[in-house]
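Here the protein sequences come in this chain order: A and B. The first sequence maps to residues 40 to 354 in the working numbering. The second sequence maps to residues 6 to 272 in the working numbering.
No lab work stands behind these hints: they were computed from the structure. Don't be surprised by glycine CBs; every beta carbon is placed ideally from N, CA and C. Please note that a few of the clues may not be correct.
As the list claims (entries may be wrong) - Reference listing, derived: stretches of chain A covered by chain B, where coverage requires no fewer than 3 residues with Cβ under 8 angstroms from a Cβ of chain B: (1) 94 to 106; (2) 204 to 214; (3) 303 to 309.
Residue-level listing of the chains:
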Amino acid sequence: MTDMTVRVGSLTLANPVMPASGTFAEGLAAALDLNRLGALVTKTITRELRTGNPLPRVAEVQGGMLNAIGIPSKGVPYLLEHTLPDLRQWTVPLIVSISAPTVEGFASLARDVSVPGVAAIEANISCPNIEEDGKAFAMRAASTESVMRALRAATDLPLWAKLTPNTGDVAEVARAAQDAGADALVVANTILGMAIDLQTFRPRLGNVMGGLSGPAVKPIILRMVYQVARAVRVPVIGSGGIAMAGDAAEYMLAGATAVQVGTATFVNSHAMTDVIDGLDRFCEARGIARVADLTGALKHEEADEEDLAWVTPAA
Amino acid sequence: MFQATAAEELVEVVSNDLVNGEYRHLVVATSVLAATAQPGQFYQLLCPAPPGEAPYLRRPMSLYGADPAARRVEFLYKVTGAGTRGLATLAPGETMQLLGPLGRGYRIDPAWKHIVAVGRGAGLATLGPMAQAAAALGIGVTAILSARRPDLVVSDALFRRYGATVLTVTDQEANSGPAHVERLLRGLIANGRCDAFFTCGSARLLRVQQKLAREFGLPGQVAMEQQMACGLGMCFCCVRDFAVDGEIVHKRVCWDGPVFDIQEALP
Chain A
40 MTDMTVRVGS LTLANPVMPA SGTFAEGLAA ALDLNRLGAL VTKTITRELR
90 TGNPLPRVAE VQGGMLNAIG IPSKGVPYLL EHTLPDLRQW TVPLIVSISA
140 PTVEGFASLA RDVSVPGVAA IEANISCPNI EEDGKAFAMR AASTESVMRA
190 LRAATDLPLW AKLTPNTGDV AEVARAAQDA GADALVVANT ILGMAIDLQT
240 FRPRLGNVMG GLSGPAVKPI ILRMVYQVAR AVRVPVIGSG GIAMAGDAAE
290 YMLAGATAVQ VGTATFVNSH AMTDVIDGLD RFCEARGIAR VADLTGALKH
340 EEADEEDLAW VTPAA
Chain B
6 MFQATAAEEL VEVVSNDLVN GEYRHLVVAT SVLAATAQPG QFYQLLCPAP
56 PGEAPYLRRP MSLYGADPAA RRVEFLYKVT GAGTRGLATL APGETMQLLG
106 PLGRGYRIDP AWKHIVAVGR GAGLATLGPM AQAAAALGIG VTAILSARRP
156 DLVVSDALFR RYGATVLTVT DQEANSGPAH VERLLRGLIA NGRCDAFFTC
206 GSARLLRVQQ KLAREFGLPG QVAMEQQMAC GLGMCFCCVR DFAVDGEIVH
256 KRVCWDGPVF DIQEALP
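Required output: the full structure, derived from the provided sequences and hints.
See below:
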């Protein structure tokens with residue numbers, strides 16, 4: 040038996056596997072015992088009531104899917120009165136994902152969801168910032184720092200920042216989030232993409248553009264986790280194309296403390312428990328006593344500094 | 006103690022035969038849990054990849070028959086895309102990953118004496134098990150089956166086996182239009198043979214039944230189709246507009262349905 044516990048800042052999880060926000064709701068309990076997971080992560084909620092994007096909202100692509108769901112949200116009262124009581128039946132730590140179009144909107148929402156039974160707040164700062172010309176907060180270090188600073192002042196709960204891969208320098212953004220008070224970084228959200236229907240010449244998503252997820256993104260996000268983990272001291276939670284235990288092990292070796300499984304749950308409702316059981320066997324077979332020992336255990340071949348310079352994050 | 010209501014499992018193909026020029030009948034051997042389903046529920050199938058294609062997501066498929074004693078689940082499908090092209094390649098003895106049963110099925114009131122099922126095309130698959138359940142409650146069923154051509158009418162024998170009176174209408178015979186179906190339905194209502202409408206597969210025929218249901222104060226249910234990703238109410242891919250208490254609201258076909266009140270549905 041491997042010791043499967045991991046520590047994400049002040050939070051101890053029974054195992055390193057949790058759902059990626061947006062891909063999980065209480066419906067999964069029809070097929071899966073949610074108490075087996077390391078944590079639960081809600082869909083992103085906003086203060087504004089949102090119905091979401093026009094259809095079609097999902098397009099299947101090679102090795103994954105594009106989505107432009109549009110964060111449908113029933114607002115804060117519904118979360119507090121329905122979603123949280125429903126999810127609190129389960130014994131695992133509950134993480135609430137939030138988003139807002141402004142810095143102050145983020146801060147006030149964080150205050151409102153800092154209630155008993157919430158173990159941490161995941162700030163989905165990969166959403167458009169209306170004060171910055173619609174660019175996602177996490178595309179730039181400066182806007183990341185200002186929103187995380189306001190969030191830090193608004194809540195005493197552990198604060199996770201969910202970063203976007205749609206930025207040129209993810210390590211710099213990661214450092215800004217850490218310096219502004221993030222307790223952990225989730226790397227990463229979906230990669231912006233699009234697809235066109237050759238029968239109709241129309242975009243295959245109602246929103247034209249959407250986020251790519253699934254096995255296709257894994258090498259890209261794995262690289263970002265590696266870059267971020269080298270740049271920060273806070274724990275990194277890897278999220279991108281994890282479907283099997285081997286994928287999760289790669290993320291941990293690259294520096295992740297825990298992982299999120301998202302799109303894979305759509306094609307296998309047991310994906311998360313398969314990853315947990317598989318990680319246990321993976322460690323056991325290699326004589327690794329604690330799954331946490333995988334974190335950052337990547338071995339480098341001997342190489343001089345200059346050969347590796349191109350993979351080192353910019354200072 | 007955790008108790009799943011939907012099975013996630015590898016199932017074995019028992020048979021996968023053509024029933025006419027367009028439709029196939031797939032029978033799989035499952036667990037008791039997977040085969041314990043209500044009419045109108047559906048499954049998520051991980052279809053094998055057909056040559057040259059690689060569908061990533063699962064495909065929703067309504068149940069055509071489920072027997073927990075025999076541990077069998079049946080599907081009726083038409084080959085239309087990458088998923089069903091892959092399904093068509095399955096041979097007896099091969100396996101496929103399946104999740105289900107899922108969603109909310111038909112609700113049948115034992116007080117009804119006689120109901121009407123109106124289906125077209127692949128929409129007929131979901132109505133067969135409903136007719137079986139109604140017949141088991143001693144409720145008479147009239148099935149109006151619509152298709153492009155007489156040779157493409159599916160599951161008429163199944164409905165007859167459940168004791169249903171079967172009327173077929175086809176485009177080729179020029180009697181499948183909404184006006185003719187409305188005349189048939191008005192006749193059934195006049196003869197006291199329509200305590201409720203059940204329908205799937207045609208927006209035009211849905212509108213006819215909505216109109217008649219309002220006019221005569223009759224209840225009804227419709228099974229809706231929509232593109233899905235997760236099948237468990239998590240992703241919000243499969244929302245449609247529904248009219249509820251004078252407001253247009255989004256509902257998830259996989260979670261709130263796939264069977265809805267006939268007056269809520271917006272064709």
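So, going through the hints one by one against the coordinates:
no., hint, result
1, 94 to 106, "holds (count 11)"
2, 204 to 214, "violated (count 0)"
3, 303 to 309, "holds (count 6)"
Of the numbered hints given earlier, the model fails hint 2 alone.
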